[in-house]
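Asker: Listed here are the chains, written in short residue letters.
Number of protein chains: 4
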Amino acid sequence: MPLLAIYLVSAPDRPGLVGRIGGFFFERGINIVEAANHSDSDDEGAKFLMRIVADLDGVATPRQELSAAFGTLCDELSAKWSVGYSDDVARVALLVTRETTCLYDLILRQRAGELPCIFPVIISNHAHLAPVAESFAIPFVHLPVTPETKAAQESAVLARLATEKIELVVLARYMQVLSERFLAEAPPVINIHHGFLPAFQGAKPYHQAHHRGVKLIGATAHYATRDLDQGPIIEQDVQRVSHRERPEDLVRVGRDVERVVLSRAVRAHLERRVIVCGRRTFVL
Amino acid sequence: MPLLAIYLVSAPDRPGLVGRIGGFFFERGINIVEAANHSDSDDEGAKFLMRIVADLDGVATPRQELSAAFGTLCDELSAKWSVGYSDDVARVALLVTRETTCLYDLILRQRAGELPCIFPVIISNHAHLAPVAESFAIPFVHLPVTPETKAAQESAVLARLATEKIELVVLARYMQVLSERFLAEAPPVINIHHGFLPAFQGAKPYHQAHHRGVKLIGATAHYATRDLDQGPIIEQDVQRVSHRERPEDLVRVGRDVERVVLSRAVRAHLERRVIVCGRRTFVL
Amino acid sequence: MPLLAIYLVSAPDRPGLVGRIGGFFFERGINIVEAANHSDSDDEGAKFLMRIVADLDGVATPRQELSAAFGTLCDELSAKWSVGYSDDVARVALLVTRETTCLYDLILRQRAGELPCIFPVIISNHAHLAPVAESFAIPFVHLPVTPETKAAQESAVLARLATEKIELVVLARYMQVLSERFLAEAPPVINIHHGFLPAFQGAKPYHQAHHRGVKLIGATAHYATRDLDQGPIIEQDVQRVSHRERPEDLVRVGRDVERVVLSRAVRAHLERRVIVCGRRTFVL
Amino acid sequence: MPLLAIYLVSAPDRPGLVGRIGGFFFERGINIVEAANHSDSDDEGAKFLMRIVADLDGVATPRQELSAAFGTLCDELSAKWSVGYSDDVARVALLVTRETTCLYDLILRQRAGELPCIFPVIISNHAHLAPVAESFAIPFVHLPVTPETKAAQESAVLARLATEKIELVVLARYMQVLSERFLAEAPPVINIHHGFLPAFQGAKPYHQAHHRGVKLIGATAHYATRDLDQGPIIEQDVQRVSHRERPEDLVRVGRDVERVVLSRAVRAHLERRVIVCGRRTFVL
Chain A
1 MPLLAIYLVS APDRPGLVGR IGGFFFERGI NIVEAANHSD SDDEGAKFLM
51 RIVADLDGVA TPRQELSAAF GTLCDELSAK WSVGYSDDVA RVALLVTRET
101 TCLYDLILRQ RAGELPCIFP VIISNHAHLA PVAESFAIPF VHLPVTPETK
151 AAQESAVLAR LATEKIELVV LARYMQVLSE RFLAEAPPVI NIHHGFLPAF
201 QGAKPYHQAH HRGVKLIGAT AHYATRDLDQ GPIIEQDVQR VSHRERPEDL
251 VRVGRDVERV VLSRAVRAHL ERRVIVCGRR TFVL
Chain B
1 MPLLAIYLVS APDRPGLVGR IGGFFFERGI NIVEAANHSD SDDEGAKFLM
51 RIVADLDGVA TPRQELSAAF GTLCDELSAK WSVGYSDDVA RVALLVTRET
101 TCLYDLILRQ RAGELPCIFP VIISNHAHLA PVAESFAIPF VHLPVTPETK
151 AAQESAVLAR LATEKIELVV LARYMQVLSE RFLAEAPPVI NIHHGFLPAF
201 QGAKPYHQAH HRGVKLIGAT AHYATRDLDQ GPIIEQDVQR VSHRERPEDL
251 VRVGRDVERV VLSRAVRAHL ERRVIVCGRR TFVL
Chain C
1 MPLLAIYLVS APDRPGLVGR IGGFFFERGI NIVEAANHSD SDDEGAKFLM
51 RIVADLDGVA TPRQELSAAF GTLCDELSAK WSVGYSDDVA RVALLVTRET
101 TCLYDLILRQ RAGELPCIFP VIISNHAHLA PVAESFAIPF VHLPVTPETK
151 AAQESAVLAR LATEKIELVV LARYMQVLSE RFLAEAPPVI NIHHGFLPAF
201 QGAKPYHQAH HRGVKLIGAT AHYATRDLDQ GPIIEQDVQR VSHRERPEDL
251 VRVGRDVERV VLSRAVRAHL ERRVIVCGRR TFVL
Chain D
1 MPLLAIYLVS APDRPGLVGR IGGFFFERGI NIVEAANHSD SDDEGAKFLM
51 RIVADLDGVA TPRQELSAAF GTLCDELSAK WSVGYSDDVA RVALLVTRET
101 TCLYDLILRQ RAGELPCIFP VIISNHAHLA PVAESFAIPF VHLPVTPETK
151 AAQESAVLAR LATEKIELVV LARYMQVLSE RFLAEAPPVI NIHHGFLPAF
201 QGAKPYHQAH HRGVKLIGAT AHYATRDLDQ GPIIEQDVQR VSHRERPEDL
251 VRVGRDVERV VLSRAVRAHL ERRVIVCGRR TFVL
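Quick note, the sequences are listed as chains A, B, C and D, same order. Following this note's numbering, the numbering of the first sequence begins with 1 at its first residue and continues without gaps. Following this note's numbering, the numbering of the second sequence begins with 1 at its first residue and continues without gaps. Following this note's numbering, the numbering of the third sequence begins with 1 at its first residue and continues without gaps. Following this note's numbering, the numbering of the fourth sequence begins with 1 at its first residue and continues without gaps.
Just so you know, not all the hints are guaranteed correct.
[As the list claims (entries may be wrong)] With a straight-line Cα cutoff of 30 Å, these simulated DSSO-like cross-link-like pairs (lysine-lysine) come out:
(1) LYS47(D) - LYS204(C)
(2) LYS150(A) - LYS165(A)
(3) LYS204(D) - LYS47(C)
(4) LYS47(A) - LYS204(B)
(5) LYS150(B) - LYS204(B)
(6) LYS47(C) - LYS80(C)
(7) LYS204(A) - LYS47(B)
[To be verified] Among chain C residues calculated to face chain A with C-beta under 7 Å, some are:
(8) TYR104
(9) GLU114
(10) ASN125
(11) ARG252
(12) VAL253
None of these hints come from the bench; they were simulated from the model. All C-beta atoms in this analysis are idealised placements derived from N, C-alpha and C, irrespective of residue type, glycine included.
Generate coordinates for the entire structure from the input sequences, incorporating the hints supplied.
Answerer: Next comes the structure, spelled out in structure tokens:
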């Protein structure tokens with residue numbers, strides 16, 4: 001496998017951006033393996049979004065120097081940017097409560113080489129899933145939470161995320177609402193939501209879905225933001241159901257959709273395909 | 001093609017219903033070609049739902065006599081029921097405004113033999129689609145509507161439905177809200193709704209969907225009821241989209257889903273597969 | 001949960017079968033919770049297929065007596081039939097080689113209560129997956145095979161299946177061709193096939209698929225029969241791919257489709273929904 | 001709508017291609033609205049593929065001059081390339097026999113503004129669809145064919161394609177095998193194939209599919225090449241079926257998949273998204 005650098009750029013749109021950015025690599029003799037860009041205009045003006053995969057094999061310039069130069073270019077373009085490398089292995093924390101489906105799915109995909117990351121820690125407000133963590137030799141941190149201890153528990157979670165140098169948090173059915181402060185201090189957080197967005201609000205959404213006789217069950221993976229379930233959507237999917245399915249069957253079908261959607265979203269994030277702009281994502 | 005009778009039965013559940021109903025046909029030497037039943041229990045109690053397709057070829061008993069006897073049985077079982085025959089051709093009215101996609105789709109499927117019905121009339125509040133109706137030699141009735149004339153226009157529509165002995169009304173993108181009175185007096189009405197239910201409420205749903213960055217576009221076919229878009233769902237489906245699609249592309253994708261969903265719902269109704277119970281449908 | 005009996009019946013079609021069979025339960029005061037039947041005619045004549053779910057709660061007649069009586073009825077109708085009970089827990093053997101995806105998927109679904117069965121044994125021609133079996137406390141039997149020992153190994157597998165009273169064998173990526181003798185002596189065997197049927201034949205099917213630029217990757221679950229990959233199909237599905245996916249990505253996508261398709265097929269079998277007729281299945 | 005130029009480029013891969021090509025536009029002050037490139041390596045070596053959408057609004061350089069300069073660049077890169085403009089309206093010929101579904105679908109989409117093309121002529125070996133052409137005021141050319149007249153008929157078709165300056169031929173269920181000579185002389189030809197590729201070979205594929213009890217029905221749109229049904233695949237899709245569907249139902253479902261797949265393939269071609277390399281397509 002060659003050594004790759006993956007750049008994500010978003011900027012106010014204007015002529016010449018592909019040329020300027022492409023030229024940056026050309027001048028340095030660096031091959032662009034894959035690139036995609038998209039110009040989007042809505043009420044908030046015209047945006048330019050680009051993903052570049054560059055082959056660093058045989059490139060003499062040190063990464064830091066390359067990044068500094070790229071940063072200078074991006075400053076000129078008023079662009080936001082980030083870069084990652086194929087020999088980086090992202091450090092991802094899994095937050096769980098009691099449900100196993102998404103947890104197993106992510107671990108097994110990581111073990112199968114489908115997710116370019118490691119899981120240095122699983123954090124839970126329950127002890128229930130400790131044996132699963134143990135069977136995969138992943139450290140498990142049990143941090144119970146009550147309304148009274150919520151702030152302290154979140155601080156403890158944040159401390160652990162910092163200690164472990166976590167770059168992404170995945171809420172793999174973590175049944176706690178995260179505070180605004182937590183979200184402000186934590187690395188990016190991906191959540192999996194049962195149902196579509198917009199969706200049945202409130203308790204027992206699958207019972208509501210059953211009561212309305214829906215024919216499809218959906219799930220939505222999104223970045224967690226202050227507004228609950230209003231974060232930028234990364235991925236969605238559905239599965240067909242019929243009147244035969246009882247509410248408990250809808251829960252099972254929902255679990256199946258959730259894990260597929262969550263793992264696709266996590267992979268897209270880790271492959272550095274996702275750019276967030278306001279309330280939307282661009283998956284390049 | 002053999003002559004078939006299709007019965008739909010819904011009753012309070014209790015032991016022996018399949019045997020009693022199956023026995024009815026067995027005693028008369030009538031073959032059941034296909035049957036499906038389902039028992040469902042929710043907050044409103046246990047319901048029994050059944051669809052029977054009986055082969056009437058070579059059956060001496062006249063239909064009316066058979067129906068009378070079946071009605072007596074159903075009375076004993078406190079069952080609601082209906083029957084239709086494969087040599088009946090349902091009379092279906094199409095209500096449209098300006099959009100062609102669903103209209104063409106339904107007519108072409110009917111012409112291809114996919115929908116067991118005829119369209120004796122197309123009714124519209126605009127003149128726009130008259131040429132389409134004409135190209136298929138279907139009578140087109142233009143009944144414009146304003147807030148002031150709404151009641152009178154609905155009466156005119158109802159009168160035409162009665163004259164034409166219409167058994168099913170399909171709102172193939174009819175951009176008018178129907179009054180409670182209309183729905184009470186009209187035959188069953190199937191509507192196609194852009195988007196999922198629950199869905200983005202209010203104006204410009206595809207712009208809202210775009211603004212939220214959804215990854216799937218859906219459509220829902222349902223029976224029209226007093227509560228707008230709250231009628232029993234017959235069919236739903238989705239199609240995948242990405243950030244590449246602009247709001248106008250989402251409209252196009254939405255049209256594609258709508259026509260497929262609407263035609264499946266109409267076919268299910270015409271094949272007598274749909275039983276409505278409260279706010280749910282059972283598609284047997 | 002009520003105690004249910006699930007009957008599967010296939011017979012030469014003739015009038016009165018639903019009534020005769022429904023009547024059998026009615027006479028005994030047994031409620032039919034769900035039933036579906038289908039009449040099918042092809043070159044081999046008209047077949048009648050039926051699935052009945054009967055509620056045995058409060059039924060005094062012993063199961064054996066009920067079965068004897070049902071058998072007598074089926075003899076009269078020249079019908080083949082079988083019955084299972086909701087308090088039976090099917091004993092299923094998993095045969096594997098080295099791949100984990102389908103193995104984990106089936107075990108996790110069984111643990112989540114999605115599959116009404118237990119796995120008394122995992123049998124493999126490699127030792128590779130022993131730790132997985134151990135982590136779930138399932139006995140693991142390592143029976144290596146070479147061309148010379150194939151017959152003896154198959155005998156050992158058959159012996160173990162017999163000892164464990166196995167009712168269904170699932171080939172969860174078991175990379176061995178089973179002999180005609182094995183298939184004749186074993187209980188029903190479900191296999192998962194990468195790709196559609198018909199599909200790319202021969203080695204490296206995903207490389208062939210990539211070379212042809214296919215846009216969908218499929219999988220097929222079927223009963224194993226003498227003719228390799230020609231057994232009756234239980235379930236199929238696909239997932240979308242693009243030119244971005246390299247052959248190794250197609251393998252990953254294929255694994256995802258395989259496990260979903262295999263678990264659906266196993267569930268359908270265990271819920272007693274599948275009737276095999278010749279080279280086709282009916283999933284009622 | 002701005003005036004856009006869409007370039008497709010394929011070249012032997014080497015460092016700097018994105019920069020060289022992006023730089024071409026940058027030097028001329030031309031904005032790249034959207035771009036995608038992909039590097040692919042297989043047995044035949046490493047290929048570079050790129051699609052660029054450039055905004056020509058306010059660009060002073062005449063198109064011809066721009067193309068000449070771009071051609072010079074591509075020569076240096078040993079690249080194959082083509083360009084189209086958003087104010088070009090592609091001239092597309094539809095070849096049909098008797099089936100209406102794909103024909104109507106394409107015409108209606110074109111009328112709805114979904115396909116950037118016009119249909120100057122419909123050519124058929126039967127007179128059957130003349131009324132459809134007439135209802136949309138599209139010239140209809142009836143060129144019957146027999147084994148004896150095949151060569152002459154193909155010459156007549158080619159002559160008409162030339163007269164009409166046709167840029168793309170769509171076989172919308174044209175039930176004739178085209179000769180190698182025809183394909184060599186005609187513009188690109190897109191065909192719709194019932195079923196997957198690989199698929200049931202020979203006559204009555206839906207009967208074969210029914211006999212095998214398949215659970216999905218597919219369709220494949222591909223460029224027509226000398227080897228029948230071996231041309232580069234542009235798009236594929238499937239729809240779910242069950243044992244309930246008879247062969248004639250499979251034909252209906254197949255029609256539905258075919259028209260969706262064909263129209264997506266035609267749109268992708270017309271939007272200049274498709275690059276053919278050997279037996280594969282890249283849909284950028």
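Asker: With 7 Å as the cut and Cβ atoms as the points, is TYR104(C) at the interface with chain A?
Answerer: Hint holds; TYR104(C) Cβ to chain A Cβ min 6 Å, cut 7 Å.
Asker: With a cut-off of 30 Å on the C-alpha distance, tell me whether LYS47(D) and LYS204(C) pass.
Answerer: holds, 22 Å
Asker: Between LYS47(A) and LYS204(B), is the straight-line Cα distance small enough, at 30 Å or below?
Answerer: The hint holds at about 22 Å.
Asker: Between the alpha carbons of LYS204(A) and LYS47(B), is the straight-line distance 30 Å or under?
Answerer: holds, 22 Å
Asker: Measuring from the C-beta of ASN125(C) to each C-beta in chain A, is the shortest one below 7 Å?
Answerer: Interface hint status for ASN125(C): violated (21 Å vs cutoff 7 Å).
Asker: Given the hint that LYS150(A) pairs with LYS165(A), does the C-alpha gap stay at or below 30 Å?
Answerer: It holds: about 22 Å lies between the C-alpha atoms, which stays within 30 Å.
Asker: Taken at face value, is the distance from the CA of LYS80(C) to the CA of LYS47(C) at most 30 Å?
Answerer: At roughly 11 Å apart (the allowed maximum being 30 Å), LYS80(C) and LYS47(C) satisfy the hint.
Asker: Holds or violated: are the alpha carbons of LYS204(D) and LYS47(C) at most 30 Å from each other?
Answerer: holds, 22 Å
Asker: Please verify that hint: ARG252(C), Cβ, nearest Cβ of chain A, below 7 Å or not.
Answerer: holds, 6 Å
Asker: Could you check if GLU114(C) really has its C-beta closer than 7 Å to a C-beta on chain A?
Answerer: holds, 6 Å
Asker: Given the hinted pair LYS150(B) and LYS204(B), is their alpha-carbon gap at most 30 Å?
Answerer: holds, 24 Å
Asker: Hint VAL253(C) vs chain A: min CB-CB distance below 7 Å?
Answerer: Constraint on VAL253(C) not satisfied, violated at 10 Å.
When held up to the earlier numbered hints, the structure conflicts with 10, 12 and fits the remainder.
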